[in-house]
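The working numbering numbers the first residue of the sequence shown as 17 and each following residue consecutively.
The hints are simulated quantities; they were obtained by calculation from the structure and are not laboratory data. No experiment lies behind these values; they were computed from the predicted model shown. Honestly, I wouldn't trust all of these hints.
Derived lysine to aspartate or glutamate pairs resembling EDC-like cross-links, with alpha carbons at most 20 Å apart [as the list claims (entries may be wrong)]:
| id | residue 1 | residue 2 |
| --- | --- | --- |
| 1 | Lys68 | Asp79 |
| 2 | Lys42 | Glu21 |
| 3 | Lys196 | Asp41 |
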Amino acid sequence: MLNVENLIVSHGPIEAVHGISFAVDKGRCVSLLGPNGAGKTSTISALMGVVKSSGRITFDGADVSSLPVEARVQAGMSVAPEGRRIFSNLSVEENLVLGGATRSDRTAKDADIAHWLETFPILGERRDQPAGTLSGGEQQMLAISRALMTRPKILLLDEPSLGLAPKIVSQIFQMIERLKAQGITILLVEQNATQALRLSDYAYLLNNGRIVAEGTKETLGQSSALMAELTGIA
Numbered sequence: 017m018l019n020v021e022n023l024i025v026s027h028g029p030i031e032a033v034h035g036i037s038f039a040v041d042k043g044r045c046v047s048l049l050g051p052n053g054a055g056k057t058s059t060i061s062a063l064m065g066v067v068k069s070s071g072r073i074t075f076d077g078a079d080v081s082s083l084p085v086e087a088r089v090q091a092g093m094s095v096a097p098e099g100r101r102i103f104s105n106l107s108v109e110e111n112l113v114l115g116g117a118t119r120s121d122r123t124a125k126d127a128d129i130a131h132w133l134e135t136f137p138i139l140g141e142r143r144d145q146p147a148g149t150l151s152g153g154e155q156q157m158l159a160i161s162r163a164l165m166t167r168p169k170i171l172l173l174d175e176p177s178l179g180l181a182p183k184i185v186s187q188i189f190q191m192i193e194r195l196k197a198q199g200i201t202i203l204l205v206e207q208n209a210t211q212a213l214r215l216s217d218y219a220y221l222l223n224n225g226r227i228v229a230e231g232t233k234e235t236l237g238q239s240s241a242l243m244a245e246l247t248g249i250a
């Protein structure tokens, strides 16, 4: 479904991603793992067209490398960004409405809002509450639900556990596990390798802008030295 070939991302004179290639098949959860500064968020930004890049990005059989952000969203790509970036002054429901702003099917959109508020009851309880008053974990649930309002073919999750307490991290990964069980294709960008590998069908380890290892969770999980080096997790 998603194929990335020789992706290069630069920020001014600094090259953050050095010609990486990877793939995400339909219905699978694939992780892109690595420490801070590895180039993970730069990769996500390039996939969505937020930053300029070179290389080839093919999605659902079409080359989207030169498309603007809006066109990539319409093609079926959606992201829950690092830091959540919800609209703090708007209600939970209003955030979901804005998530589906590119859609014209009002009845179906309303049904999707009801579906996600029911799927994640804490959001349903707080549907009229300003999103900025939610806890960090609740805001992350909202950010993911908002991304799903486009009915994406692939969901990109950028550091969904960042800054959350361990108990809340477990809840977020349970949420992702439920989405995977629904058949949603997921590219998961994470520092928390232990949790990410538990859900992933396949994973790539990124360090200093390069993919240094890849494989199934069983293969990568057996290399404790490699995991410790890249993630700080023994």
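Any of the earlier hints contradicted here, and which numbers? none
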